[in-house]
Amino acid sequence: KQEVTQIPAALSVPEGENLVLNCSFTDSAIYNLQWFRQDPGKGLTSLLLIQSSQREQTSGRLNASLDKSSGRSTLYIAASQPGDSATYLCARFNFGNEKLTFGTGTRLTIIP
Amino acid sequence: DTAVSQTPKYLVTQMGNDKSIKCEQNLGHDTMYWYKQDSKKFLKIMFSYNNKELIINETVPNRFSPKSPDKAHLNLHINSLELGDSAVYFCASSHPQTGETRGTGELFFGEGSRLTVL
Numbered sequence: 001k002q003e004v005t006q007i008p009a010a011l012s013v014p015e016g017e018n019l020v021l022n023c024s025f026t027d028s029a030i031y032n033l034q035w036f037r038q039d040p041g042k043g044l045t046s047l048l049l050i051q052s053s054q055r056e057q058t059s060g061r062l063n064a065s066l067d068k069s070s071g072r073s074t075l076y077i078a079a080s081q082p083g084d085s086a087t088y089l090c091a092r093f094n095f096g097n098e099k100l101t102f103g104t105g106t107r108l109t110i111i112p
Numbered sequence: 001d002t003a004v005s006q007t008p009k010y011l012v013t014q015m016g017n018d019k020s021i022k023c024e025q026n027l028g029h030d031t032m033y034w035y036k037q038d039s040k041k042f043l044k045i046m047f048s049y050n051n052k053e054l055i056i057n058e059t060v061p062n063r064f065s066p067k068s069p070d071k072a073h074l075n076l077h078i079n080s081l082e083l084g085d086s087a088v089y090f091c092a093s094s095h096p097q098t099g100e101t102r103g104t105g106e107l108f109f110g111e112g113s114r115l116t117v118l
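Protein chains in written order, with the working numbering: chain A, 1 to 112; chain B, 1 to 118.
Wrong hints could be hidden among the right ones.
Within a straight-line C-alpha distance of at most 27 Å, the following computed DSS-like cross-link-like pairs (lysine-lysine) qualify [stated by the list, open to error]:
1. B:K41 to B:K67
2. B:K22 to A:K99
3. B:K52 to B:K9
4. A:K42 to B:K9
5. B:K44 to A:K42
Here are some of the chain B residues that sit facing chain A, going by a computed Cβ distance under 7 Å [to be verified]:
6. L43
7. I55
8. E106
9. G110
These aren't lab readings, by the way, just hints derived from the structure by calculation.
Beta carbons are placed, not taken as given, at the ideal position from N, Cα and C, and that holds for glycine.
Produce the complete structure using the sequences and hints provided.
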């Protein structure tokens, strides 16, 4: 059973458009929510962390929000650029078992 | 100034061999992790150590043995390598949000070690 789900699995959009990536989870335990990007053949870069007491975080063109009542998080990317092309992963840190559980990822391609 | 560093970055070896991957973090974090990313790019936790003590052992074969000589290092030793062990192994560290040494709970990852077993 997949605890963290990301939809869509792949997304292609023209440069300059705004876009939203989705992440949903099945467990309502207390948690942090972290978004990462992974470039091909590279490690994970942390983008945004929403702590258990927070609802959203912003960094530059990125905004991540968390709705605990529905078990969903979204990553909003404004004015997309070709350099945003990567796989985006959301991960939920469960304080009960101290595990970071990853979603399946969304592979984003920005078309110049 | 690398925060979480892993060596080697690439490792190609024969089935049945024993190999080690090393990880070091200079962030002053208390907790370190090993994650495995399989061919489908799915990341799954293997182990977690907090201040040199094993916290999580996620049903990994006992051919995999983590060792933490101090809280800045977490090494992974693999015995009798099998074809299915081929993957990218990521080390990570964090400062737990709860407990005596409070931090944000944010995890920082190394660049990964790509293991290929022939």
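Structure-based check of each hint:
Between B:K41 and B:K67, the direct Cα distance comes to roughly 25 Å. Compliance with the 27 Å bound is thereby established for this hinted pair. Pair hint B:K22 plus A:K99 holds up; C-alpha atoms about 21 Å apart against a cutoff of 27 Å. Between B:K52 and B:K9, the direct Cα distance comes to roughly 24 Å. Compliance with the 27 Å bound is thereby established for this hinted pair. Proposed proximity of A:K42 and B:K9 is supported: the alpha carbons are some 10 Å apart, at most 27 Å.
Restraint check for B:K44 and A:K42: satisfied, since their Cα atoms lie roughly 16 Å apart, inside the 27 Å limit. Against a cut-off of 7 Å between C-beta atoms, the interface hint on B:L43 holds, since the closest Cβ of chain A lies about 4 Å away. Hint on B:I55 holds. Least Cβ distance to chain A is approximately 6 Å, under the 7 Å limit. Among the interface hints, the one on B:E106 holds; its C-beta lies about 4 Å from the nearest C-beta in chain A, closer than the 7 Å criterion.
Checking B:G110 against chain A by beta carbon gives a least distance of about 6 Å; that is within 7 Å, so the hint holds.
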